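J.: Next come the chains, spelled out residue by residue.
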Amino acid sequence: MSLRKRSRLNRFLVVELPMLAVLTFTLGPYLWMLITSLSPQSTLFTQGPSIWNATVENYTRLFETVGFGKNLIDSLIVATGTVVVGLSLSITAAYAFSRFNFRGKRILMLQFLLINMFPLVLLILPLFIFMRRLHLLDTHIALIIANSTVAIPFSIWMMVSYMNGIPRSLDEAAMTDGCTRLQALRRVVLPLCLPGIIATGIYIFITAWNEYLYALTLGGREVRTITVAVQTLIGEYEVQWGLLTAGGIVGALPATVLFLLVQKRLISGLTQGAVKG
Amino acid sequence: MTRPELSISPPRRGLGRRVLPYAMLSPAVLVTLAIVFLPMLQTAWMSLHDYVLFRPNVFDFVGFKNFKAALQDEVFWISLRHTAIWMAATIPAQLLLGLITALLLNQEFSWRPLARALVIIPWALPSVVIALMWVWIYDSNYGIANEFLLRVGLIQKAIPWLADPQTALAAIIVTLTWQGFPFFAVMILAGLQSIPRSYYEAASIDGASTWRQFWHITLPGISGVVATAVLLRLIWVANSFDVIFVMTGGGPGYSTYTLPLYAFIKARTNLDFGYGSAVAVLFTAMLMVVVVFYLRRARNAVST
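Protein chains in written order, with my numbering: chain A, 1 to 277; chain B, 1 to 304.
Everything labelled a hint here was simulated from the structure, so no lab data went into it. Note that the structure is predicted; figures quoted are calculated from it, not measured. Where is the CB? At the ideal position from N, CA and C, for every residue including glycine. Just so you know, not all the hints are guaranteed correct.
To be verified - Below, a sample of chain B positions facing chain A; criterion: calculated Cβ distance under 8 Å:
id : residue
1  : Q107
2  : L149
3  : F214
4  : L282
5  : T284
Can you make the complete structure from the sequences, with help from the hints?
T.: Have a look at this one:
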């Protein structure tokens, strides 16, 4: 009995206490931002952030005076558009990589891997000139295209990893029953990897939602995503930290919630290749 | 189906089968060619020209003039040095903290699923929000960093972390460590869970201590994942400059300039796209060394 008690104490000291310390470091800044955003502006600097007289005045100001609602809609359009482009282009490509052997397969796969390795700064300058020439600056389309440069290769890699997990014999069985390749893809493979597709889509959504540099360079006036809006707040309302942190919380919330929802499946997809390699 | 059709269909099908994968790939390949590879070539092309956006009609070929200018530019070397310091400090810090977190998460305790989910939160946050909250934490008058360190007695007076050239880079390194260590934790945890439990059982029957088990089973077991994660992270950390851009904009002075940030600011603020492109190309060339190492590892993963 006492031995068991000691091992529980031991476990607490060696595992749970350090884990709590790591979590404090991880969540501390976020919680500090949350508390600040709930503190009344009038007492923030005299009494410091506190939750005793919590208020939502910063949040109402954010939507009524600063107009955060429109920024949220802009972000929503851009992120959703990127998900549609990213997924629709990558499903057939991933199927081809997963099911066929053909000349140039390796090169093409590496090409998609390589895209994400190039520095963003190498792409952002020509994309700016490209969009300006096409008069697409400050439109949702420009941001969707820019975000797709990351989303397409990423989702191809994720989908290949999910599709590889579905036995080939299933497609073959469908084809013996008279399906064509594309029917086999649509009726057998797609439904089976639907959870993977959803996870990939959500991850693309999060990345596009969080994206800042393209949104700043290619948009900014008419189309101002939430990240650019938050950054503009820093400039305009420099010392009004209640308002600023409220902006931060609103900007981070959708991505955080979505991420927590799919983290398990997403992580298994992300780490699969790395563990094998 | 009639008989003649059947006799025609096999060769047609064979051709179809050969073309089909390319047909399925072509939309994705064509789009990436148009929006990724062509623009990249254009950057290389711009870097060989005098191209300043407020003189849009001037696009003179100048050969390697921009590159020569960059190599003689003091700010270029300062930025390069910061990029090196920044990566040499951030990646090991992320790795160490990630390894510790992964080892903890690999133990049995009742609230492990909760801890695992919460630990990843920094990874999901927009970099602008990360920058914003750390600027607030580092605030010289009301920031909690100063208050905490003052109370503990580690510092005697408040430090303007981001406004002081001596501390700005270090302050940003702490922020980036915070942002990036969950990635290592998740990757290493996956590696840890792929090590068969029987190895540890056999080792403890043979009387191996916990430390020896860690050294001879755990470390070799996760070395592959760690190498991949470090290479990936090197590439990502080197590429990303959004957190720095929002936190300090490169300042005070040039004290938090890194190479990609310098290229971006040159183009964005000075509108000098020729020079900015040249810096971007030079930076990419350096980064490619890391990428080649990564691709060597990835190729093995592709072929299996």
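J.: Take the hints in turn and mark each one as holding or not.
T.: Evaluation of the provided hints:
1. Q107: Holds: closest Cβ of chain A sits about 5 Å from B/Q107, inside 8 Å.
2. L149: Constraint on B/L149 not satisfied, violated at 14 Å.
3. F214: Cβ of B/F214 sits 13 Å from chain A, so the hint is violated.
4. L282: Where the cut-off is 8 Å and the nearest Cβ of chain A is about 11 Å from B/L282, the hint is violated.
5. T284: Cβ of B/T284 sits 5 Å from chain A, so the hint holds.
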